[in-house]
Amino acid sequence: MSDIGSREILKISVNGQNKELLVKPYATLLEILREDLRLTGTKHGCEAGECGACVVLIDGTPQLSCLVLPGQIEGSEVTTIEGVSDGGKLHPVQQAFMDHGALQCGYCTPGMVLSSKALLDANPRASAEEIKEALAGNLCRCTGYVSIIEAVEAAGRAMA
Amino acid sequence: MTTVANDPNADLRVIGKSLPRVDAAGKLIGLTAYADDIELPGTLYCKLLRSHLPHARVLSVDTSAASAIKGVIAVITGEDIPIKYGIMPTSQDEHALEYEKVRFVGDPVAAVAAVDEETALAACRAIVVEYEPLETVESIEHALLPPSDEPIHDYAGPGNVHRIGALEFGEVDEGFANSSFIREDVFFYEGNTHLPMEQHSATATFVGDQLTLWSSTQDPHYVHRALARVFDMPMGHIRVVAAPHGGGFGGKADPFSHEMAVCKLAMVTGRPVKCTLTREEVFYVHRGRHPVLMWVRTGVSQDGKILAMHFRTALDGGAYGSYGPASMLYTGALQTTTYNIPAYRFEGVRVFTNKAPCGPKRGHGTPQPRFALELHMDKIAEAIGLDPVELRRRNYVKPYTRTINHLRITSCGIEEVTDLVVEASRYHERKKRLGHGMGFAVSSYMSGAGLPIYWNKLPHSECIIQVNRGGVTLYCGATDIGQGSDTVLATVAAEELGLWPTDIRIVSGDTGLTPVDLGSYSSRVTFMAGNAALQAAREMREILVSAVAEKMECSPKDVMVGDGKIGELSFEEAANLAQERHGVLTARGSYTPPREIGGKYKAAGVGPSPAYSYSAAVVDLDADPYSGEIQLNKVWIAHDIGRSINELAVKGQVEGGVYMGLSEAMMEGQLYRHGLHKQPSMLDYKSFTFFEMPEVETFLVETVDLEGPYGAKEAGQGPLLPVIPAVVSAVHDALGVWVDEVPITPDKVMRALDAKAKGREGRYGPKSFPQISYPPIVKVPPFDASSTAF
Ligand code: FES
Ligand code: FES
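Residue numbers (my numbering), protein chains in the order written: chain R, 107 to 266; chain H, 563 to 1352.
Incorrect hints may appear among the rest.
[Claimed, not checked] Estimated spans, in silico, between C-beta atoms of each pair:
no., chain 1, residue 1, chain 2, residue 2, range
1, H, THR963, R, ASP192, 56 to 62 angstroms
2, R, ARG263, H, PRO570, 27 to 33 angstroms
3, R, PRO131, H, ARG687, 19 to 25 angstroms
None of these hints come from the bench; they were simulated from the model.
Even glycine gets a Cβ: it sits at the ideal position worked out from N, Cα and C.
The task is simple: from the sequences and hints, build the whole structure.
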């Protein structure tokens, strides 16, 4: 209910900015980002940990934000799609997605980009098999995945 | 990817290049606002109460407790929106909220607007509905029996029959009598769903008599019409905006309950109201692939020429009409656009059942018969000892011909697409070994339906190009659902105006700002909106060129356009010059398909298209004879695109179509038990991930259609079609058994192997086709070609 239930203070950094937020203890990170912070670049396709559209990076690791509660992320650094590009310049992963046609409707794209970025930050020379492994939790209904693999390979080359 | 171009020297600057989508940047940085990202000040949140029973009379709906909850602003029920609607004029059978009876689990009965979603949900739980359960009808066979209490709908019929029809072209009995070989087969295609990544969402406002709806819809034009009908409002007081779209595939092409509900609640509360469906609700609103039972009988001559074909289909329509009358006819319409069938009889029926309503999913009504037809061709080839590719080639349609059901075929790359995949895959050189197989299939699809969904004389697509302050804006009603239609329109305008696609600002899918376009369905946008954009852009080019020619005192012919210049002037200088003379510059273009593309008989509206695309696929796989498991190795796909407007976008559409075809061929199914959806979640409803998707090699054939914009045809739906039968054919090649049903899952493969081991026919699939009393066959006279070239 709107006015029932306690609130708690959550301190996190989002895209490099420190935030002190008053949140419901059962609000998901997805809801906090989209509703409290109005960072709607993070998408949702299921809100149940099934699709990968809501992936954000928590301390550099891709996580399904629809499954994360405030108590799990106190003091963490969260990176959303809004924090990936550098000013007006696209991140190599974003640039490669653009150049390789790795997005169509673009709805899975924020999650795909963040999962890919986390992979390539750790291993820019990831093989096609490793890319599939890292992205298997991100569903895409438009592209058939082929161009996404091509894009991530190209981004890896650019980042290496 | 390889492109085979018929006029490689065409003098085009941006058409056909592999350029990024014009809307890529916003999507990549998370700035693009999809429907659920729209948040207006003071927004209320709407939730729908949906029926938990598959079929029941609604005796009463008590909303008093819900209304009393703090934070609840309004509660509405069916009587508040009494006028029915539906996408087709003949199926106006939906109430936004049902108040007489519910017809499937998920049918909405009430809607709440509250200060937040949680409160709205709590209010829904507090609504008390009294139901009287009725018999649940769950299968085609069941729906064909006389209902034990009452039919699901009180129109159409008899019983639960929604639509039924029988047509004959040419002399079918004579064709069979002359045949040296006749074969009959029965197939079943399980229903499946679109599963767009984005859940449907809509926000409405009602301010000063003006209703505005932002929605994740593919067809703002038809939603606009439905709202005007349901709320009995002038069209001019309603604006429907298609928000940037998170995937449709046909699943967002109907007017929906939640759209009606937020509009009504905005009127009642005076505040913006938003409704976003949960994933579970997306499975219920559905409108996906119909389950279809099929029976086909074909007679061929000694040398494998088809002499007659008789095709029967029975579609499980689910609870409402939706696109059903068209879906039913589509299961019979396009058999003739790949094979020359001189005598053809089609009998089809669509029944109502107590399941989520079916409608158009990518390929609308044609993947099911294509699956049946291609496997049937394989079986005929096997029986008469012909190579399956050769049998098909002997029956291929020719370019610039007329089919027996009056469809006009123009450019046709069926031979080329066949050659490409057969050669690249070395299909004929494959070594026979148990557990490894290859399958081949062809198909064809429309570049837009020849007729609108409701009869009217408006153009099918219109564009306005405005040049103002040196910039170009293109207005078109088309909706970019991810397929890239904004990019197509920008590329066409850029080509004509000497600019780059990202120089063109696109305003699309907004019934308040843009002229008519019927929407993103039937693969119509590139061909139809593309032609409208081309006409508008050429007119604008003339305006600019003549202004420059006048100033330079030269002939317009001597003014070159390109690289951001009009003659000696920059585009901006030329635009300002022309605007100084004429004021703001506008040019219009429109497109309506020619009349002669189809016949004039009743039901002739389904099938005609100004051009057909052609696709061929070879699938290579391993199928384990001990577990029935299938491992896809590679798919070769060739597609007759006419011409690519943007090669990268076409490649994406082709690969996406292959993916969707494979996924539904092998695992997807919208399944029910006692009227309950078995797996309304993305985890339980299986679809391909990165792991299942095999390598794809794509070939594009540019046949350069004479009527398409720069020769372009469709890419969005066609490439899905051949993939599905090719998978099943490859399993047969690997294991020697037929699975005449999709999805082709390991258990079905094992059942077929088991039957074979026991000495029975090595097959899994429906045993028979039900006895259906089709109406008397309508014999359609031959096409009257007196007023056309062929
Ligand atoms: S929204 Fe689907 S996994 Fe989080
Ligand atoms: S681009 Fe549409 S879901 Fe991936």
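So, going through the hints one by one against the coordinates:
A beta carbon spacing of about 57 angstroms between THR963(H) and ASP192(R) agrees with the range 56 to 62 angstroms that was offered as a hint. Restraint check, ARG263(R) to PRO570(H): a C-beta distance of roughly 30 angstroms satisfies the suggested window 27 to 33 angstroms. The beta-carbon spacing between PRO131(R) and ARG687(H), approximately 22 angstroms, falls within the hinted interval of 19 to 25 angstroms.
Hint compliance for this structure: no hint is broken.
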